[in-house]
Amino acid sequence: MRISFERTGGFAGISKKTTVDTANLPPHEANELPRLVEAAGLFNLPEKITSPNPQADRFQYKLKVEDQGKQHTVTVSEAALPGTLRPLIEWLNQVAKRS
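Read in order, the letters of the sequence shown are residues 1 to 99 in our numbering.
I should point out that these hints are in silico values taken from the structure, not numbers from a laboratory. As the structure is a prediction and not an experimental result, all values here were calculated from the model. Heads up, the beta-carbon is just placed ideally off N, CA and C, and yes, glycines get one too. Possibly wrong hints are sitting among the right ones.
Think about it this way: if two alpha-carbon atoms lie no more than 25 Å apart in a straight line, the pair counts; the simulated DSS-like pairs of lysine-lysine are [to be verified]:
id: 1; residue 1: Lys48; residue 2: Lys70
id: 2; residue 1: Lys97; residue 2: Lys62
id: 3; residue 1: Lys62; residue 2: Lys16
id: 4; residue 1: Lys17; residue 2: Lys97
id: 5; residue 1: Lys97; residue 2: Lys64
id: 6; residue 1: Lys16; residue 2: Lys48
Quick list of simulated restraints, FRET-style, between CB atoms [claimed, not checked]:
id: 7; residue 1: Ala23; residue 2: Pro52; range: 37 to 43 Å
id: 8; residue 1: Gly41; residue 2: Ser4; range: 14 to 20 Å
id: 9; residue 1: Asn53; residue 2: Pro26; range: 37 to 43 Å
id: 10; residue 1: Thr84; residue 2: Arg58; range: 26 to 32 Å
Generate the whole structure from the sequences, applying the supplied hints.
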């Protein structure tokens, strides 16, 4: 499984990008990523999730997931972030900080 993760926006407008591939992760993280993707129902989410009340200086997240020949991209604003997606976003933010 491979995820390209990009966070843009925010108060300072600093973007953060990383690509995570389970083939390159330690075993416990390689097992955690697919679990988080499944719990988020990522492949069932629409391509764009926006808030009815856009707010300035909020983050925008873009996730592109590739797994076993399937591919799906989701772009979501922080204000519209579904609760099921939050653990995956937080995990990816932590990985992005390390790279």
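Cross-check of the supplied hints:
1. Note on lysine 48 and lysine 70: the hinted pairing holds, with a Cα-Cα distance of about 18 Å set against a maximum of 25 Å.
2. Between the alpha carbons of lysine 97 and lysine 62 the distance comes to roughly 16 Å, so the proposed pair stays at or under 25 Å and holds.
3. With a CA separation close to 11 Å, the supplied pair lysine 62 and lysine 16 stays within the 25 Å bound.
4. Of the pairs offered as hints, the one joining lysine 17 and lysine 97 holds, with about 9 Å between alpha carbons and a cut-off of 25 Å not exceeded.
5. For a cut-off of 25 Å, the pair hint linking lysine 97 to lysine 64 stands: about 18 Å separates their Cα positions.
6. Straight-line distance between C-alpha atoms of lysine 16 and lysine 48 comes to about 19 Å, which keeps the hinted pair within the 25 Å bound.
7. Checked against the hint of 37 to 43 Å, the pair alanine 23 and proline 52 passes, with Cβ atoms roughly 39 Å apart.
8. Between glycine 41 and serine 4, the C-beta spacing of about 19 Å keeps the proposed range 14 to 20 Å intact.
9. Checked against the hint of 37 to 43 Å, the C-beta distance between asparagine 53 and proline 26 comes to roughly 40 Å, which is consistent with it.
10. Under the hint 26 to 32 Å, the C-beta atoms of threonine 84 and arginine 58, about 19 Å apart, miss the expected range.
Comparing the model with each numbered hint stated earlier shows that hint 10 is the single one that does not hold.
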